[in-house]
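Each protein sequence line maps, in turn, to chains A and B. Under UniProt numbering, the first residue of the first sequence is numbered 1, with each subsequent residue one higher. Under UniProt numbering, the first residue of the second sequence is numbered 1, with each subsequent residue one higher.
Treat the hints as calculated values from the structure; they're not laboratory data. Glycine residues also receive a C-beta, built at the ideal position from the N, C-alpha and C atoms. Any given hint could be a false lead.
[Stated by the list, open to error] The list that follows gives simulated cross-link-like pairs (lysine-lysine, DSBU-like), each with its CA atoms no further than 35 Å apart:
no.	chain 1	residue 1	chain 2	residue 2
1	B	Lys97	B	Lys28
2	B	Lys50	B	Lys28
3	B	Lys50	A	Lys28
4	B	Lys297	A	Lys297
5	B	Lys50	A	Lys297
6	B	Lys50	B	Lys97
[What the hints assert, rightly or not] Simulated restraints, written as ranges between beta carbons of each label pair:
no.	chain 1	residue 1	chain 2	residue 2	range
7	B	Gly65	A	His114	45 to 53 Å
8	B	Ala264	A	Gly265	49 to 57 Å
9	B	Val330	A	Glu317	33 to 41 Å
10	B	Val330	A	Ala179	25 to 33 Å
11	B	Arg106	A	Glu328	46 to 54 Å
[Claimed, not checked] Partner residues are not named here, just some residues of chain B that face chain A (Cβ under 7 Å, in silico):
no.	residue
12	Ser92
13	Ser99
14	Leu102
15	Asp108
16	Glu328
2 protein chains.
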Amino acid sequence: MASTRNDSAVTVRDVAQLAGVSPGTVSKALNGQGQLREETRQRVQEAAEKLRFRPNQVARSLAEGRTYTVGMLTSDSFGRFTLPLMEGIEDSLGAGKVSTLLCDGRGDPLRERHYLAELLNRRVDGIVVTGRRPDERRSVGQLPIPVVYVLGRSDDPEDLTVTNDDEQGARLAVEHLVAHGRTRLAYVSGPAHHLSTQLRRQGFEAAAAAAGMTVSDLLTGHWSEAWGRTAAGLLARRTSGLVDGVVCGSDQIARGLTDGLREAGVRVPQDVSVVGFDNWDVMVQAARPPLTTVDPKLVRLGRLSASRLLAAIDGAELGRGVVAQPCELVIRESSVPT
Amino acid sequence: MASTRNDSAVTVRDVAQLAGVSPGTVSKALNGQGQLREETRQRVQEAAEKLRFRPNQVARSLAEGRTYTVGMLTSDSFGRFTLPLMEGIEDSLGAGKVSTLLCDGRGDPLRERHYLAELLNRRVDGIVVTGRRPDERRSVGQLPIPVVYVLGRSDDPEDLTVTNDDEQGARLAVEHLVAHGRTRLAYVSGPAHHLSTQLRRQGFEAAAAAAGMTVSDLLTGHWSEAWGRTAAGLLARRTSGLVDGVVCGSDQIARGLTDGLREAGVRVPQDVSVVGFDNWDVMVQAARPPLTTVDPKLVRLGRLSASRLLAAIDGAELGRGVVAQPCELVIRESSVPT
C-alpha cells in the first residue's frame, strides 16, 4: 500500500489536452451542461475514461453549494439499537448517492455541540439524530439545514421524529395471546420511568381491556435477564392462580423469564405463553424455547427517516411531530401452546 | 426546525465589511497566516464572532488538498464487533479533528468497489477497513492514500493490518486455569476453518504443553450458545474422567456450556472452570455464574489503527504486515474454584 499522497492526480486540464478542447468544454461535456456537438462530448468522455479522470467531488460541492453528505449524530454511543438504524439510514442515503458523516455524541452535550458545529462547517446537507430508546432528548435546535430524529424523540414539537409505535406493538402481543386462548395476562418490563415501558404498558392494558381479559400483574424492573428470572419467581409463587400469558418489555427480560419459569417447573408455552420485544436475534434464538417477539423494524425506521431527510434536502416539506411506525409480531415457539 | 436551506450564510465579505478590511485580510487573520497588526487580527476575529461566521470547510479543503475526512469501510455489515472498533476509531479521529465517512460494504465486492470510488471522489485522506473476524479479506488494492485494515486481515502482505493476538489471548486463559490448579483441559470453539478458531487453538495447545497439562478435548462447532450446551453434554458424559477446565472460543459458547454443565449436575466453577472469549457484556453478565473471559480490547484496536492512519496521512511510514495487539483476561466467577 503506497502511503504517499498522489500529487499527480489527473486534472480537467489533462483531459482537455488529450481531447483537444478547452477545460471549459470538458466541464460542460462531463456535467451534461451547455450546448456541445455530440461528437465533442463523446471525445471528452473517451479521454476522461482513458485517463481514469475522477471529477473532484470537493470542487463540485463548492460549485453546487451542496455536499451530498448527511451527518449522523448518535446521541447515545453506538448501542445495539443503533446498528440496524444505521443500516437503514445507509440504505436510503446510499441509494441517493449521499454519504454519511458519523458523529458519536455519547450523550455528552459538549461533545454534541462540537460535532454539530463541525457538521455545519463541513456543509452537510442535513442531519439524522439517532437515539437508542424512544425517550425524549434535547432538540439540537434550529439549524439552517433539515434535521430528522429517529427512535429517540426530540423534546421540541416543531422537530420531526420518526420512531416505532410501542403502544401498537404491545397491543399486537396481547391480541396474539388472546387469540391462543390466554386469559390471565401479566406485563413485565424495564424501568417504570422509561417511555418505552410506559407506552408498551398502555398498549398492553388497552388491548387486554378491549378483549375483556384479566390483568394480573404489571411488573417493572430492569432491562436484564436477571430481572426476567426474578419476575418468573414472583409469578410462579402466586397463590391466586398462575398467569397464562406474559408480555415482556424486551427479549432479554423474556429470555430470563422463560429460564426462570422452566427452572420453577412451569412449562413454556404449555402452561404460560411468553412474548418478548425487540426481535434481537442473539436473545430470541438462544432462548429455550425460541421467543415470539415484537419487532420494532429498526432498519425500516432508519430507511424511512433518511428518505424523509433526503426529500427535505430536495425541497419537500420536512413535517413535524412524532411519526410512529407500526411494529410487527414474529411468532416462534414461546407463545403457542401445543 | 427550518427545512429550507440557509442561503444567507455569512461570508468572508460580510466579515471584511464589518471589520473594515479587505476579504484577503480576513482570510489571513482567521488562518493565522501572513503579517498583520495584532489590532487588525483582533478586529477581524471580533467581527467573525459577532456575525457567527463559519469558515467554509469545503473551500478550505479545496485550497489545502486535504479534506480532514477518513473513510471507514466495514466489510461485513455493522456487526457487533464493529461497534467497539468504530468507537475507538472515532476516538482517535475526533481527537485529530478528522471526520469519518461511513461505508457499509456488506461483504459485497461490487458494493465495496462503488464505495471505494466514492471515497476517492470525495478525496478522503485515508481509509480504515474493518472486518468482524480476524479472517483474511481481499485487499482493496493499491490506492493513492493510506489504508489500514483492522481486525480482519488483508490478504496482501504489503498492507497494514492491526488486529488482536488470538494466540496470546488463549494462552492467558490456559495460564489462568493452570494457576488455579486445573490440569485436564478442553478447548471448545467455533468452526474449524475460522482463523480465530485456529489461532486460539494454537495458543491453547502451546500453553497447555508448556505447563505439562493434559489436553482432553479439542471441539469445534458453531459460534452459538446451542453448540456450547451440546459440547457440555459431550464433556459431561465422558467416562474417562471429567475435564476440570474449559477454554471457549467465544462468550456465547461459554455461556451455553455453563448452562449445559449446570443442567447436567456439574458445578461451575467448583467442578469445572470455564473461560470465554470476547468480553461481550450481554453474555458475560447474564451467564450463571458470570464469565471469566479474554477481552480482545476492540476499542483500543480501533483507536490504534486510526492513529496509525493519521500518522501516515501526516507523512509517517505506514508500515506493513500484521500488528497483533495483546488481549487481556477479565476474571469473574466462572473460573475460580472456591
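Quick rundown of the hints versus the structure:
no., hint, verdict
1, B:Lys97 <-> B:Lys28, "holds, 21 Å"
2, B:Lys50 <-> B:Lys28, "holds, 18 Å"
3, B:Lys50 <-> A:Lys28, "violated, 40 Å"
4, B:Lys297 <-> A:Lys297, "holds, 31 Å"
5, B:Lys50 <-> A:Lys297, "violated, 46 Å"
6, B:Lys50 <-> B:Lys97, "holds, 24 Å"
7, B:Gly65 <-> A:His114: 45 to 53 Å, "violated, 25 Å"
8, B:Ala264 <-> A:Gly265: 49 to 57 Å, "violated, 18 Å"
9, B:Val330 <-> A:Glu317: 33 to 41 Å, "violated, 52 Å"
10, B:Val330 <-> A:Ala179: 25 to 33 Å, "violated, 46 Å"
11, B:Arg106 <-> A:Glu328: 46 to 54 Å, "violated, 23 Å"
12, Ser92, "violated, 12 Å"
13, Ser99, "holds, 5 Å"
14, Leu102, "holds, 4 Å"
15, Asp108, "violated, 12 Å"
16, Glu328, "violated, 21 Å"
Of the hints listed earlier, those the structure fails to meet are numbers 3, 5, 7, 8, 9, 10, 11, 12, 15, 16, in rising order.
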